[in-house]
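Chemist: One gets my numbering by counting positions in the sequence shown from 1 and adding 153 to each.
No lab work stands behind these hints, which were simulated from the structure alone.
Treat the hints with caution; some may be incorrect.
Unchecked claim - Pair ranges (Cβ atoms, derived):
#1 363 <-> 494: 27 to 35 Å
#2 391 <-> 530: 33 to 41 Å
#3 496 <-> 454: 23 to 31 Å
#4 508 <-> 455: 31 to 39 Å
#5 389 <-> 422: 40 to 48 Å
#6 635 <-> 455: 28 to 36 Å
#7 559 <-> 627: 30 to 38 Å
#8 494 <-> 414: 44 to 52 Å
Ideal placement from N, C-alpha and C gives every residue a C-beta, glycine not left out.
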Amino acid sequence: MKLKTKLVIAFITLIILPVLLSSVLITLVGHHQLNVIEETYEVRGGTAFEILTNPVGVLGQGTEYPFNSLSVIARSDVGKMEDMGFLQEFNQDLESKKSYLLVRKADDFTYLGSDSEKVQEVIEQLPEYKYDGNKTTSKNGMYLGGQAQAMIKQVDFRYEDGDLGSAFIVTDVSNVLPEIRELAEEIIVIITTVLLLTVMLLMIWIYQTVMRPLDKLQKATRNITEGNLDFEVEPETDDEFGQLFRDFEDMRKRLKKNAEEKIRFDKENKELISNISHDLKTPVTTIKGYAEGILDGVADTPEKVDKYVRTIYNKANEMNTLINELTLYSKIDTNRIPYNFNTIPVNAYFDDCAEELSMELESKNVEFGYFNYVEGDVKIIADAEQIKRVIHNIVNNSIKYMDKPKPLINLRIKDVGDFIQIELEDNGKGIAVKDLPKIFERFYRTDASRNSSKGGSGIGLSIVKKIVEEHGGKIWANSREGTGTTMSFVLRKYQEVPNHE
């Protein structure tokens, strides 16, 4: 799951889950409290909304029955209004409804149903006698503000002795419906608890989603900083962090590959220096020795002098060849060879190559065979000079390791579909099976003893491989120890695109 999706889910959950949970819990708790209110205040038929939004009205309903009873008594049995036992019993019924009774005769209060400090504030605001002879007033209640904070219902009547009387059912609304207050407190606790739990769970979820991958990446970064690249960073999820892990792992692999290549490159450079030192030491020693022979008069005949000079010349040519080979390798390794690709006719080109090789190998007493199986006007796109370099490097490598009294090299040109295949076969000592896969590697030598008669920097075949691959071809070798080796490479044919007009 994507991190963006998780954040969206977290946001929606933070909104919806508290609402749903709070609604369920509030409904359950509210239902219980409303039942308590209905039982306590004898409220029937009202909705929960009405009870919660109009608690004063609820109080009015709760005292409606006592008010009606008091009105009947005041009309039919007014004597009870002076009966303290009756008034005390009536007041006890009102106490369950959070109310109390006040009775006034003329200007004096004959009964006070509460000893609250607010009674005096209530008395000071009570209305005058309002009885009109037909009905009592204030049936729906009257609100007293200020310090009183009470709702009253007034019953006016006349005592048996003719004095004016008023009875008041007083409900203290400064602390309206404790059950509703408790419900409000419980709602606040429920909402707060649900929000805290939701936020806590979401924080744990997001923390696990974000911090665990970050900790893992931090450890991986510390490993790289300390130079340790031998570890793996495996993605655990398919989100943005998973992609980051995959990118990080790719980076680690590239860093490790670069580090290994640097180690290998440094090793190869050291080996190259060692090879160069060895390969230059032999001809330099020879040149120095023969030059000293001439200077010391050892070569005391024209024939000896000529032999010494020719030897010096040949060794100088070997050094020049080695230096040119190293220069070419440096250009190839840095991709600075200026290839000059052209369309080349196969038969004409390889006929010329064969003629040059024939003359060169004849001078070295090497038998040469040329076999061309390509028919028609077949062409390739290649750099003629570089392909000749490939052929000559392979031939020189064959001559270097030739061990037969009658050395032989064959050049074969074959048509193999979309490619031209060039084969150079010799009857040399061959290459061991274990060495065959490595002969195109830089600085690799099958001659571990570094016989000075063989020489070479060990980069000739790596140059060959690089040039062939730059031409879009490939090269390989087949060999048998004691029998000989066949080097083969292919070059793609040139195919003209038909011009449709």
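Chemist: Of the numbered hints stated previously, which ones are contradicted by the structure, given in increasing order?
Modeler: 1, 2, 3, 6 and 8
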